Amino acid sequence: MKSTSFKCTCIISQHSPGHVLACTSCSRICSLIQFHLFQIDSHLKFPNTNEINQNLKHTIPFYLTAEQSFSWLIQSTLSKCHVTSLLLFFSKLQTSLRPISITSTMSFKTAAKRGQFDLDRYVGNLRVKTYKEFAKHSRLPTIPAPIPTLRKDERLIGEAPIVAGDLAYIVSGKHKGKISRVLLYTRDNDTVLLNEVTKNVVIPKQYWAANQTSHVLEYPVPIPRKFVRLAAKEKDEKGNVSYVVAEDLVFKEKYYDDRLKRWVPRRFVKHHENIEIPWPSPMSEPKDDQYSTLTEDVYNKTHELQTVAKSPFPKSVLNELRNPYSKFKKRELTEGQARRLNAPQMPLSVEQKIYLAKKAQTPVKKLEPLSEEAKDLIGSRMAEHLAKIKNPLLLKHLEAVSQKTTPEFQRVLNEIEGKQD
Amino acid sequence: MISARRAILVSARTLQRTKPLRFADPKKIRLREPIVPTHKNFDVSPDHPLWAFFRDGNKTETVLRSKDDLSTDSRPWDMPELRLKSFDDLHRLWYLNALERNRISTEAEVAKEIYNGDVSLFTKLDDNHLMTQKRIKQTLLERQVAYERAQLSSPEEYLQLFEDKYINADESAIAEYNEKLVRLQYAIFGIEPDLSEYNLEEDINVKFVEGLSYVAKLKLGRYLASNPGALELPLNGVMEELPFLVRDPEVAVEEVRAMREEGVSRKLDNIEVFAFLRNAIEAVRSEPEELAEEEN
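From first to last, the protein sequence lines stand for chains W and H. Sequential numbering of the first sequence, starting at 1, is according to our numbering. Sequential numbering of the second sequence, starting at 1001, is according to our numbering.
Bound-form chain H, shown alone:
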């Protein structure tokens, strides 16, 4: 920031007059009526975003509430209450608290003049909001710690148990087991139930590949139990596994066979896997649109 004195000097130099000054007759000069300093003399746009920092928006008459209006018996949000809320809700709540703290701070600034420096009432209110904010952070941290611990535990035993049950399930129970599988693949491998919900950048990861081979093993295992010798094992990497995730086992087996006959099936290098999956899933997603276009 340019210093005040320098600003005046610099501007004075630029404003230097070439002609000598002539002043009006001092007797004719009349002082104007003083302008009363009130907010009514200023025009402020009613949809100015800073109105959000006032309790009643652009209808605000005064920033300072009367002491009776302060909710002194209020309390901060509890941890058990915050634990019920989703990340989006907590995020929103955080900013509501921040906004309210800003309003209280403005109020306290005025109250300091009026209540002779005593802002203890506002301090108590502010403490409540601060405590809520701290608890929101703590709630999120709890979730993160639980998530990190879950990474350490291995679900292999459970997966093996489920595999046995799935392969040997009755025809009547298989619908229920398929529903269970959809939940399981989301719970353990993060594979979304619907193709359209994939975030291709983030969701295609090592876990996804693990889940893919598990699902393929399960579905193919069950298919081979009823149709022995339908397909030669083992499957050749993600290229042959993906059909089992996105299609019915019968169709998938046909597709794999066709791939093998054409000789396009090969085991991908690790570096190719994610790119292949992204492209393939993108292609599968756009299939229904293409079909619709063809029909038209």
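Just chain W, same shape as in the assembly:
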């Protein structure tokens, strides 16, 4: 059994011998199926499955695609009874006849999220308890307990008011009044690690860092941001050092910071907006490595607009940028969408149906213009009434009122005359 007899040759990682990384002839990566085949010689036979199981101890894992391994099996000089016993064997191996990873068609990022424990499903105290329970397994018992992460909607959005390299003034707890350098600000749980708030922890030798020389290590303790305030050092002309502590901050116009290589807002002490607290320089400069792009390559300008008459790229690229088949560009609504847009009609009760039937029988009231007779009657009645009135002010008032027409009155009149609004 030489490797050349295989149609499919595979590269197997040294780190994990059970893992196929790429099949170099069938061009499939990570989509091979793992088989535990046993060693078969042309003159070897297995009378029963028990013997196969014993032979399984000598199994050699081979990595072939399903089709290839089967065709190889059949092509090798196997007798009928071999095939029968093989069938039995494979039926026993049903469970191990599975793809190496279910993630083969899925991005590893999606796969990492699948079936994982999701802390965001827990709220309040339960969340804290669950987090601590889980955190226990991922750290040494001597290391200070981490603070539970915040839910996504509770996390700080926008510019962080305190960053690594800033000075922080502690307002509460054992270290109250201390001013210390911030080592790290974590948005996930809104905590800071301070230079001078540490705990001595014992680290077993197997977990020692590269340059560690002692079992005892100073380990920074996480502090929630609400217990610290941003501080800034000030030096006057005489060299006296004083500190400014900001209860709160305001962010103002953005500028390009050359040290941070990005646009950042200026920050000022709230209510004392003449005091600006500059952003600290980054604690460590990013180092160039073999993957970095050279600065001159990045800033080498290769695009210049010279004509407005020609498309900036080949026509076929546009469909990649603006998906013509996007579901948001469909002109017609699907049935489901239409149903969601239109409220359903409520079914009528028996009483409602009876009422509507009765209403349908009664003729619709039609407005007619007043007859001359009726007008005369109304006129005479009004004249009678006005004749009784002595008070000239009241008469004046009635006169003024009679000049006014309400919109409702006008609408009825229009309806009578058959006018459209």
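Keep in mind that the hints are not guaranteed to be accurate.
Said to hold, decoys possible - Mimicking PhoX-like on lysine-lysine, the simulated pairs with C-alpha atoms at most 25 Å apart in a straight line are:
id : chain 1 : residue 1 : chain 2 : residue 2
1  : H       : K1067     : W       : K287
2  : W       : K310      : H       : K1137
3  : W       : K310      : H       : K1217
4  : W       : K109      : H       : K1217
5  : W       : K152      : H       : K1134
6  : W       : K270      : W       : K252
7  : W       : K310      : H       : K1134
8  : H       : K1134     : W       : K113
9  : H       : K1137     : W       : K330
Claimed, not checked - Computed list of chain W residues with no C-beta within reach of chain H, every gap over 12 Å:
id : residue
10 : P280
11 : M346
12 : S371
Since the hints were derived computationally from the structure, they do not count as laboratory data. Keep in mind the model is a prediction, meaning the values are calculated, not measured. Think of the CB as a built atom: it goes at the ideal place given N, C-alpha and C, for glycine as much as any other residue.
Start from chain W and add chain H according to the hints.
Quick look at chain H alone, frame taken from chain W:
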């Protein structure tokens, strides 16, 4: 794909033996040494294209880098940086990112086994590349939007201004104005400065025809200002306009006159225009070659 069980059954039927089987003596059977499962047992061609999916090509010893080698402080390309790059560069960058993402994905697949399912480091790296890819798309889209907006604005006012200046320019300044005209006709009408650069299928379009009549009007206008009455106006469509684009005005005027005398000059129908231009430009292109052949 044929199901596994069926494959075996079908093949078993075809392999059925006619003679009864005879087996060797079981006592004589010896088990062979197990073959160690290592990549050294497989021969892979060193120039196999799939080696591109490994970081060090066919010299790759391991797909998984050590944690120190991961460039965790790297960042994606910024929009201002990408805006400097031509379409070809962006296209290349896109595929480099795709390739790197593929490598990271392979790495993560191994890392999952070794780091107990924790692939967060690789997720961060992959996010950077994904962000670069998204920004490349955004950069191209910006260019497309700018191009579409440019189609809406009309350059007529500017063209009129340039025409006046060109016709009334001094003899000393005309060389500079001709250079300007070459840039302008490319900028507004997409007329390439060199005949050999034309893509006859795509570049001959409505804009080109508009540009052609503008250029002809300009050059003839200037020629007529110094030689009044040299040619009867107006020009008769693209047939008479094209000489002004490809030749000097004096030669062009002569050519048009000759055409009129022969009676071949006529106003083309719209449907004939592009075909005529393609043929004519192709003919003008091959002129120097013919001349060279004649000389030989």
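Hint check:
For the hint linking K1067 (chain H) to K287 (chain W), the alpha-carbon distance of about 15 Å falls within 25 Å, and the restraint holds. Between K310 (chain W) and K1137 (chain H) the CA atoms are separated by roughly 19 Å; this keeps the pair inside 25 Å, and the hint holds. Between K310 (chain W) and K1217 (chain H) the CA atoms are separated by roughly 23 Å; this keeps the pair inside 25 Å, and the hint holds. The hinted pair formed by K109 (chain W) and K1217 (chain H) fails the criterion: a straight-line CA distance of about 62 Å is larger than 25 Å.
Of the pairs offered as hints, the one joining K152 (chain W) and K1134 (chain H) holds, with about 23 Å between alpha carbons and a cut-off of 25 Å not exceeded. A C-alpha spacing of about 11 Å is found between K270 (chain W) and K252 (chain W), which places the hinted pair at or below 25 Å, so the restraint holds. Pair hint K310 (chain W) plus K1134 (chain H) holds up; C-alpha atoms about 24 Å apart against a cutoff of 25 Å. Distance restraint check for K1134 (chain H) and K113 (chain W): the Cα-Cα separation of roughly 22 Å lies within the 25 Å cut-off, and the hinted pair is therefore satisfied.
Between the alpha carbons of K1137 (chain H) and K330 (chain W) the distance comes to roughly 22 Å, so the proposed pair stays at or under 25 Å and holds. With a least CB separation of 17 Å from chain H, P280 (chain W) remains clear of the 12 Å interface cut-off, as annotated. In this structure M346 (chain W) is separated from chain H by more than 12 Å, as the shortest Cβ-Cβ distance comes to about 47 Å. Annotated as non-interface, S371 (chain W) keeps its C-beta farther than 12 Å from every C-beta of chain H; the closest such distance is 66 Å.
Of the numbered hints given earlier, the model fails hint 4 alone.
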